[in-house]
Amino acid sequence: MRHLIAAFALLLAACGAHAQLSIEITGAGAQRIPIAIAPLAGEGALLDGSRSTISAIVRADLERSGLFRGLEVPRLVPQPTEASAVNYAEWRSRLADAVVFGSVSARPDGRFEVRFRLYDAVKQAALGGVAYTLSRDQVRATAHRIADYIYEKLTGEKGVFSTRIAYVVKRGARFELQIADADGANEQAMLVSNEPIISPAWSPDGKRLAYVSFQNKKPIVYVQDIEVPKQRIVANFKGSNSAPAWSPDGRRLAVALTRDGTSQIYLMNPDGSDLRRLTSSFAIDTEPFFSPDGRWIYFTSDRGGSPQVYRMPSSGGEAQRVTFEGSYNVSPRVSPDGKSLAYITRNSGRFQVALLDLVTRQSLVLTDSDLDESPSFAPNGRQILLASIVAGRGVLTAVSSDGRVKQRLSVAAGDVREPSWGPLIP
Amino acid sequence: MRFLWTTLIALALGACATTQTTDTQPPAGVEDRAPGSSQPGAGTQSVPAKPVTGVDLTGSKPAAGAANPLTDPSSLLSTRSIYYEFDKYDVKDDYRPVIDAHARYLREHGGTKMLIQGNTDERGSREYNIALGQRRAESVKRMLLLLGAREEQVEAVSLGEEKPKETGHSEEAWARNRRSDMLYPGEY
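Each protein sequence line maps, in turn, to chains F and D. Using my numbering, read the first sequence as starting at 1 and increasing by one per residue. Using my numbering, read the second sequence as starting at 1 and increasing by one per residue.
The following block holds chain F by itself, in its conformation from the complex (with noise of 0.2 angstroms):
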């Protein structure tokens, strides 16, 4: 473990001192897979702006997921490429089960190619490889569709090296929705404002977010392009608008508003067109979370004399309760297979996120911390995304579904909250 933290921070001096997000890896998995990444030949060409190599950044992508381990490789001679053949038994005495080897080579239109090939040195058996044509500024975006590329060769399951995440921070006065890479570099502001901003929410097809934004004095829902810096008010109603949630097919967006009362939940179109009210209590409905097949909505309500979990119909209907233990659970968000239930659950005065098997109905504490705020599900449903309070600073806290990996990321001088974890790029 020591290994780890110390070789991780090594990669972070090299490649995050552009990374407004800072991670810190706090846990691993019991297993972790072994894996030799041969530094490619001819990389000290082709360098990140803050001058790491590919191979750097695709090791520490694989070693942050907690299911790798990267081997420290010595100099070869000659370096190999992803045409060399390879000694198995030489990194097998290594302790490696995987290894991969590539090159990269400058084109004469001034840009690059990578190539890289994948081994499986326990079968002796080549699992494949890949090629890209990039430029100078596709470094990191090519080494995490590399890192993603090894994941799903060796676990099975999609990578989340490539996709995106929002979260605000809060620097003095000042509120920022930001974009940020998984690795949290590369960070984007979104908005700007002197007023909160809270529930950034993605569409499913990651091009555009959903917020609330207090810019005008008061909570009022917005919808923005990533693209385009131009905002659009999509929930404006008397009294408070709020908890926006896209459908999986990105074609309605479910809200809590308080326009006819008490806070209640409405779908509408995501150009605020076509509302229809799904709730009629006389309580509080709010936090509406799709599930992945889009047939229910979650929600939170304090129908039953406190806040608990329910779900009903994405159509409307009657609503079951879903949470039963303790007299405080909210925020829930649904795993994208929809067999479990993430949200946070008020624990002998603390808050903690805890993860609902919705089959077995068996509930697991997944954080020890006191103040967790807002889960968010990576897309492969791997990890959890949360906000909490360390030494009365606010940080994410990535924390895998079994509990035992645990990243942290934080930003120098400012509260960072209010995670979202974008889509799987198609």
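Don't take every hint at face value.
[Said to hold, decoys possible] For lysine-lysine, the following DSS-like pairs were computed, each having C-alpha atoms within a straight-line distance of at most 27 angstroms:
id	chain 1	residue 1	chain 2	residue 2
1	F	123	F	153
2	F	170	F	153
3	F	406	F	158
4	F	238	D	113
5	F	158	F	207
6	D	163	F	170
7	F	158	F	217
8	F	123	F	170
9	F	170	F	158
10	D	92	D	113
11	D	163	F	238
12	F	170	F	406
13	D	163	F	153
14	F	230	D	165
15	F	158	F	339
16	D	88	F	153
17	D	113	D	163
18	F	238	D	92
19	D	92	D	163
20	D	165	D	88
21	D	165	D	92
22	D	88	D	163
23	F	339	F	238
24	F	170	D	92
25	F	217	D	88
26	D	165	F	238
27	F	217	F	153
28	D	165	D	113
29	F	339	F	153
30	F	123	F	158
31	F	230	D	163
32	F	406	F	153
33	D	92	F	123
34	F	207	F	230
Rather than coming from a laboratory, the hints here were simulated on the basis of the structure. Owing to the predicted nature of the structure, the values given are computational and were not obtained by experimental measurement.
With chain F fixed as given, assemble chain D onto it according to the hints.
Same frame as chain F, now just chain D:
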């Protein structure tokens, strides 16, 4: 970015041939493909880098409020805040005279409007706290309407836990943040 795309497909086709000749370890060959494509053999392509372009709202500063008769400290009307117990939204009897005074003011100034902002302490879900803050603001509004203010005059909104008056994490700070504020035009 996009203008490069078509060019690159053409350029990449040459690269395909090279890749296949270097593929000496079948059956798992180097697969040329676009980073975003699940179709093998489509040719190497560029990884699309999507720029994010944002909106900056911090430039404009609100104008300072002019002197207002409603702020005379000798008047009950200068009291604007109602405080609550944890997780509660009912208005305690102590606040009755204050609400009476504001209802009378609204009755006598039919063109005046009021914004009520409900607030909560920092604990729990931000969205649930928006809803709880709204209930607090609504409870004040309901009393004002019962005392003769008109619906069009009063808007109740919630700030949830987002605009704490006290930023500390103590019971005292939380108590001061569980609050509804009654505000007149120019004050918000």
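Query raised in the report: Of the numbered hints stated previously, which ones are contradicted by the structure, given in increasing order?
Result: Hints 2, 7, 8, 9, 13, 14, 16, 23, 24, 27 and 33 contradicted; others consistent.
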